[in-house]
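Protein chains in written order, with my numbering: chain A, 1 to 265; chain B, 1001 to 1352.
A portion of the hints provided could be inaccurate.
Said to hold, decoys possible - Sample of chain B residues lacking proximity to chain A, with all beta carbon distances greater than 10 Å (derived):
hint : residue
1    : Ser1082
2    : Met1119
3    : Ala1146
4    : Ala1252
As the list claims (entries may be wrong) - From the structure, some residues in chain B lie toward chain A, with a derived Cβ separation under 10 Å:
hint : residue
5    : Pro1070
6    : Gln1081
7    : Phe1097
8    : Lys1100
9    : Arg1102
10   : Leu1319
11   : Val1339
Since the hints were made in silico from the structure, they are not lab data.
Remember, predicted model here, so these are calculated numbers, not experimental data.
Beta carbons: idealized from backbone N, C-alpha and C, even for Gly.
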Amino acid sequence: MLLHGKAARLIAQAVFLVLFLPLFALPFLVIVVASFATDWNGALPSGLTVQHYREALGGDAAHALTVSLLTAVAASLVALLVGAWAALAAHRLRRAGRGVMDTLFTLPVAVPSVVVGLSLLVAFSKPPLLLNGTPGIVITAHAVLVTAFAYQSVSAALARLDPACEQIAASLGASPARVLWRIRIPLLLPSLTGAAGLGFALSMGELSATMMLYPPSWTPLPVSIFGATDRGSLFTGAALAVVLMATTLLVLLAVSRVRNRASYR
Amino acid sequence: MSVRFDRVSVSYGSQTVLDAFDLAVEPGEVMALLGPSGSGKTTALRAVAGFVTPASGRVLIGGRDVTALPPHKRGIGMVVQSYALFPHLRVDANVAFGLKARRTPRHETVERVARALEMTGMAAYARRYPRELSGGQQQRVAIARALAIRPEVLLLDEPLSALDAALRSAMLTELARLHRELPDLTILYVTHDQIEALTLADRVAVMDSARLKECGTPLDLHRSPGSEFTASFVGGANLLPVSVSGGTVRFADAELQLVAPGLTDADTATLCVRPHRVGLGDGPNALRGTLAEVQWRGATHRLVVDVAGHRVAADVTELRDPPAPGTPVTVHFAPQDAVLLTSGPVREVARG
């Protein structure tokens, strides 16, 4: 605690609430309230209903949620695999090589996702790699965008890893593969699950690159939300947004439970 | 199994951290590599383990050239300063790790893990995680883990330096006992602590700035060091600049009596006298000066006497009435307690 004294602490907490509530909590609350409303003309909404949810959980919207979940799981797994692999490989390189790898894997974060979307569209619209019009192109885009985070989180964890553990393991007769699977990966597990969770959350909310790429048969939930609000069905959009939010949070919660177990063994 | 360094050089970039290192460790011997930090002692150890690749030279274990062999094929036990226990594995799994890596049959693994834990007194902690253990207990597990694979060579890299003084001396006794129980085990012990080296080692290799300075039994190095560095690093030493001419050795105004065969004339040589061999009062080789400092050390008093601008330290049994600083005092030492060193001028060196 940096602040001593009761008054000072209370003031700090009050300032935090004043800043936090309007900026972070209020918009979410508004979405939740709006998803149950039929009209919102005055200061407060009116007409309590669950109609939007009935729509959101049936038909197209349910399909969109499934598409989003499948895309996010696939993209975050691919990102985890590629990102962790690249980070492990970069860890063995000398400083110059590692710098190149770091830059390369920061690129998808630095480049606007619209540009990533467009470049994938141009690259994969012609044979031999014809991905355009398939779910594959959406998953690829998400994986590209999310791999950067997986790479960074794993390489940061690798830098903190005590090399003595691996060396001792080797001196005890463990082959490099055994050291990787029995020592390195278990020790990296917290950061790996963290990377997977972050990748999943980012992919669930991705819109700008998806908009350029999604085929009609593979419409993720953010696109549906955008479509609904674009049509003027604000409250339906709000209900869909709540579903998206809740699903993402549930998955993240599950991941963090696994993570806690992994880090406190 | 014997360990031999054959002109091993290791460098990181342009910096040479081990320079043409030659050393032969006999089977079953405890060899301490003693030196200040940066002297190359840990690098030498890592070259045996295979964690560094020598730029030139060879490392031989049991007569076999292992220079190009990866660490996991060398069959060496190692304990490092940080212990490096695997934090995600329980104590028994830590100890079993090497056995599993070697595909030891299951029942034998269980048995050998139990024996290794028993040997180090950790049998009761088999189901704990490393973070649930104290430093001394982690140390024991690290030793059990290294011994479980029954290595013929055990490398210890500053194994006691993370422990407090009381625990360190207890572990030192333990290590000595372990070696009595495993007489065939060759041990290379890296330390900067001369007490550890003198207590445990059959021979001590003194290292400084990437080079081997001297190698000998603790007693030899202590009684008749070959260089000023060894003299000051292995047990404290008074290093007095003396001149030799016509068979007589002079320090300041005093002519000294030494048991030194074949004196060659030299304008400057160094005389090494251990502080605990210097006595208070008149006697042979009496040096007169003024008392500069008195330190009470419990069982002993350290007197620092200023003799013609040079400081002479004397460790004497605790005095009932120690003289006050500033008073004139006389100290002396027996001729056989002084060693004449003729290698170069006095340098500023770390004192162990």
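Against the structure, the hints come out as follows:
1. Ser1082: 5 Å, violated
2. Met1119: Non-interface label stands for Met1119 of chain B: nearest chain A Cβ at 17 Å, farther than 10 Å.
3. Ala1146: 8 Å, violated
4. Ala1252: 51 Å, holds
5. Pro1070: 7 Å, holds
6. Gln1081: 8 Å, holds
7. Phe1097: 6 Å, holds
8. Lys1100: 8 Å, holds
9. Arg1102: 5 Å, holds
10. Leu1319: Violated, about 48 Å.
11. Val1339: Interface hint status for Val1339 of chain B: violated (40 Å vs cutoff 10 Å).
Taken one by one, the earlier hints fail for this structure at numbers 1, 3, 10, 11, listed in ascending order.
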